[in-house]
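Trainee: Line by line, the protein sequences are chains F and V.
Here the first sequence stands for residues 933 to 1337, where the numbers follow the working numbering.
Here the second sequence stands for residues 153 to 276, where the numbers follow the working numbering.
No lab work stands behind these hints: they were computed from the structure.
Quick caveat, the model's predicted, so the values are computed rather than measured.
Please note: incorrect hints may appear among the correct ones.
Partial selection, computed: residues in chain F whose CB lies under 10 Å from chain V [claimed, not checked]:
#, residue
1, Phe1237
2, Val1238
3, Glu1241
4, Met1249
5, Glu1266
6, Lys1278
7, Ile1280
8, His1282
9, Gly1283
10, Leu1312
11, Lys1314
12, Met1315
13, Ser1316
14, Leu1318
15, Thr1319
Even glycine gets a Cβ: it sits at the ideal position worked out from N, Cα and C.
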Amino acid sequence: MRRVYFDHAATTPVDPEVAELVMKYMTESYGNPSSVHSFGREVKKPLEYAREQVRKAIGAAHVGEIAFCSGGTEAANMALRGAAYANRQKGNHIITTAVEHHCVLTTCEQLAKEGFEVTVLPVDQYGRISVEDVANALTDQTILVSIMHANNEVGTIMPIAEIGKMLKSQERRIIFHTDAVQSIGKLPVDVDQLNVDMLTFSGHKIYGPKGIGVMYLRRGTWWQPIMYGGGQERRRRPGTENAPAIIGLGRAVEMAVANREEEAEKLTKLRDKLVDRVLSSIPNSRLNGHPTERLPGHASFCFEFVEGESMLLSLDMQGIAISSGSACTSGSLEPSHVLLAMGIPKEIAHGSLRVTLGKYNTEEEVDYFVDNLIPIVERLRKMSPLTGGGACTPCACAGCDQSKK
Amino acid sequence: MYSEKVMDHFTNPRNVGEIPDADAVGQVGNPSCGDIMKIFLKIKDDRIEDIKFQTFGCGAAIATSSMVTEMAKNKTLDEALKITNKAVAEELDGLPPQKMHCSNLAADALHAAIENYRQKQKGA
Ligand SMILES: Cc1ncc(COP(=O)(O)O)c(C=O)c1O
Ligand code: FES
Chain F
933 MRRVYFDHAA
943 TTPVDPEVAE
953 LVMKYMTESY
963 GNPSSVHSFG
973 REVKKPLEYA
983 REQVRKAIGA
993 AHVGEIAFCS
1003 GGTEAANMAL
1013 RGAAYANRQK
1023 GNHIITTAVE
1033 HHCVLTTCEQ
1043 LAKEGFEVTV
1053 LPVDQYGRIS
1063 VEDVANALTD
1073 QTILVSIMHA
1083 NNEVGTIMPI
1093 AEIGKMLKSQ
1103 ERRIIFHTDA
1113 VQSIGKLPVD
1123 VDQLNVDMLT
1133 FSGHKIYGPK
1143 GIGVMYLRRG
1153 TWWQPIMYGG
1163 GQERRRRPGT
1173 ENAPAIIGLG
1183 RAVEMAVANR
1193 EEEAEKLTKL
1203 RDKLVDRVLS
1213 SIPNSRLNGH
1223 PTERLPGHAS
1233 FCFEFVEGES
1243 MLLSLDMQGI
1253 AISSGSACTS
1263 GSLEPSHVLL
1273 AMGIPKEIAH
1283 GSLRVTLGKY
1293 NTEEEVDYFV
1303 DNLIPIVERL
1313 RKMSPLTGGG
1323 ACTPCACAGC
1333 DQSKK
Chain V
153 MYSEKVMDHF
163 TNPRNVGEIP
173 DADAVGQVGN
183 PSCGDIMKIF
193 LKIKDDRIED
203 IKFQTFGCGA
213 AIATSSMVTE
223 MAKNKTLDEA
233 LKITNKAVAE
243 ELDGLPPQKM
253 HCSNLAADAL
263 HAAIENYRQK
273 QKGA
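Looking at chain F on its own, in the form it has when it is part of the complex (with noise of 0.2 Å):
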């Protein structure tokens, strides 16, 4: 059967040239890099190269502020609690958003628990928040905001930079952190522009490995670190490197920022075609996120009267590989945190659906998709109880109180 990939948003495919690095990092130079001979000095080489590699990429000044771990999710970790340990004595006060990643949401609220202070900025109907929001949130407390570059649900992007500016011109130091894990390689991402002192990223979503993340810590930020053990990371992250994931990162994050600008200009073309030919064809259908300060391969919908997982499934049986909310809440019930943040009621926002494109997607893949939709959406609709219009009658619902339980 044909199979259609637009879940680059979840994760990528590993470029065949990113692959064969790491496969020679596996078998032929597997040295431990921390080894003095000759199989450990020539892991070593190439490892602090990928270092370069992704110093280059984000701009950064030197190489000591990469530190390599296992994935966004760690760099996140490593970011927030790491700064929020470090600085406890100068205040106990963090802000980020509803629209964040779990992976910094969650952190954020186990500091609670630990007693810091977080306050959760509600975004608007976009998913955006205001530089406003952030400086009106600002206490003499805050040490730490934590505000993600584009969200990996709805591919709307913050504007970082403005809020990195307005939190450098405070006579407090408060440290900004940027998950930009959806945002490298197709956004520009330079930690001076974007003025962050800590910026994280994976190599799952760029063409890299998987379970392999950077965190940029910039010099002279107040952090600790989180894990403890050997030297290795400049003891910001102990234990023996993943060299071959390292060195497939940097291979890979290099090449994303090379490409970006045509990427990105490939994927818009694409992407605008599709939400306009899902719009203009399916009634009832909304885009969800920002029009334009979205991501370039990113649309997420909401189509009325129908739930999300039946329109996933029903695309999978075609061959087409989506997803519905975030590929981390399919678990769960609750409809995604993100689009009920945006305000968007919750029976509509169980008819999402994420859409998001790669380098190797064809316009003629566009066409099979929305074709293949347009039907889809068309059957269950006539499935279902609520396409005849008129409210319906809320019910005692076992199964619902079931499920809260």
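Given chain F, put chain V with the ligands in place with the hints provided.
Mentor: Showing chain V with the ligands alone in chain F's frame:
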């Protein structure tokens, strides 16, 4: 994640639609929690002569609705009332644990429809 039977009932649901002159209608669920099931019954001599459903929900919700209509068709009302959520799930070769609450809805919707019929009978 779903059994073949669930996928079969999701792809080719039995008894979808409305019965315009239904003798009874039962509806459970709430759009805000992601599932609504509506069951229409045509009843003759206390037996379910025809049954149809409409469902807003995930794959499991659609499959359980379809299955419950198959199980209930041609049953007497008392027999149909004995169909449990568990029985529907078992008939589908099981459901993923996090989806078990949908199968409750299918039997609940059927029971609600029968209840609706009996109330009407009493009133008549
Ligand atoms: C915005 C965002 N942050 C963090 C992550 C987590 O990255 P990882 O899967 O590498 O832990 C993801 C991936 O789903 C993401 O989309
Ligand atoms: S619609 Fe409720 S989990 Fe299926």
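Trainee: Does each hint fit the structure? Answer for all of them.
Mentor: Okay, the hints, checked on the actual structure:
{"no.": "1", "hint": "Phe1237", "result": "holds, 7 Å"}
{"no.": "2", "hint": "Val1238", "result": "holds, 7 Å"}
{"no.": "3", "hint": "Glu1241", "result": "holds, 4 Å"}
{"no.": "4", "hint": "Met1249", "result": "holds, 7 Å"}
{"no.": "5", "hint": "Glu1266", "result": "holds, 9 Å"}
{"no.": "6", "hint": "Lys1278", "result": "holds, 4 Å"}
{"no.": "7", "hint": "Ile1280", "result": "holds, 9 Å"}
{"no.": "8", "hint": "His1282", "result": "holds, 4 Å"}
{"no.": "9", "hint": "Gly1283", "result": "holds, 9 Å"}
{"no.": "10", "hint": "Leu1312", "result": "holds, 8 Å"}
{"no.": "11", "hint": "Lys1314", "result": "holds, 7 Å"}
{"no.": "12", "hint": "Met1315", "result": "holds, 5 Å"}
{"no.": "13", "hint": "Ser1316", "result": "holds, 4 Å"}
{"no.": "14", "hint": "Leu1318", "result": "holds, 5 Å"}
{"no.": "15", "hint": "Thr1319", "result": "holds, 8 Å"}
Figure legend: structure checked against the earlier numbered hints; every hint is met.
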